[in-house]
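**Q** Go by the hints and put chain B onto chain A.
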Amino acid sequence: MIDIIVDVTLLAFLAITAVAILRMTNLFAIVMLYGIFSLLSAGLFVVMDASDVAFTEAAVGAGISTVLMLATLALIKNHQKPSYKEATPRAHRPWLPLAVVAITGAALIYGTWDIPGFGDPNAPAQTHVARYYIENAVPETGVPNIVTAVLASYRGFDTLGEVAVVFTAGVAVLLLIGGRRPRSTVKQKDERGQDDA
Amino acid sequence: MPNLILHVVSKFLIPLIIIFALYVQFHGDFGPGGGFQAGVIFSAAIILYAMVFGLDAAEKIIPPYLLRILASLGVVIYAGVGVASLLLGGNYLDYSVLASTQIAGQHLGILLVELGVGITVSAVMLIIYFTFAGRGRE
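Protein chains in written order, with our numbering: chain A, 766 to 962; chain B, 92 to 229.
Isolated chain A, as found in the complex:
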């Protein structure tokens, strides 16, 4: 019972945050709301007993990516341009996008009818290799946290690839904006004016 209340509350807050993000134009406030959105998702993962995922979401989604977006924001303007609709009134009719969204949403909801219930032991996801991990992870690796055993040992190749992706991201950032600033970007800085504060 309490789970349902917590679920409904968190999901309602998620929806409210999403709508607020859509309607805002102040990028600083939007970045803050992104952080709140991630924190709420982390709360949902905790309710679903996925504490490792919740931990990652809270640390990466709510923590670091907020900081990185703020660092990006310090380089650009703080305000979104007026939306397409406001710029050219009457040129844009919402019916086609609305129909696309409604049909897609209806198809997705129709798709959920066949999804097994939450935590169903006979769900396809639970009958493939999950059973092997649950039965053998502790005797084979001696690691009580099965998530760690799967992540680092059984799926070591996958995690190695993830680390390589993180490393590549760092290299890419260094290559793109890391080195000495070329002269052409000095002009951008002047246009930015007093946004530094």
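If a hint is listed, it holds; no wrong ones were tucked in.
What the simulated footprint calls covered on chain A by chain B, stretch by stretch (three residues with Cβ under 8 Å from a Cβ of chain B suffice, anywhere in the stretch; the number is not a length):
id, stretch
1, 817-825
2, 828-834
3, 898-907
Calculated from the structure, these hints are not laboratory results. Using N, Cα and C, we set each Cβ at its ideal position, and we do this for glycine too.
**A** Coordinates of chain B only, in the frame set by chain A:
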């Protein structure tokens, strides 16, 4: 613009954040957490320092060239564990051959691999933050 409250509070918080990161790193076998989360939390401590005390002060603690070495070192540790298990007669990333028993080998392998993940993730997060923040400085 020095802000006394921010300075005092962050000086108090940063050691705790780093200890928590180390706990998450090395306790990942037993509780929630692991290299990814620990690396992010550790870099959060340094980023907090950089935000409060300035980028130059933070780059004195961890210079950018060191970060580049660390980012590569983590991947090398991870891939090196795989090569070590190859040399010891197992499959790539099969930790069971790393120590005398399978359990001890798996423990050692997972510990080293998670360490590699943590080093790379924290170094890359700091590289990204320093790079972005460094552009606003000039």
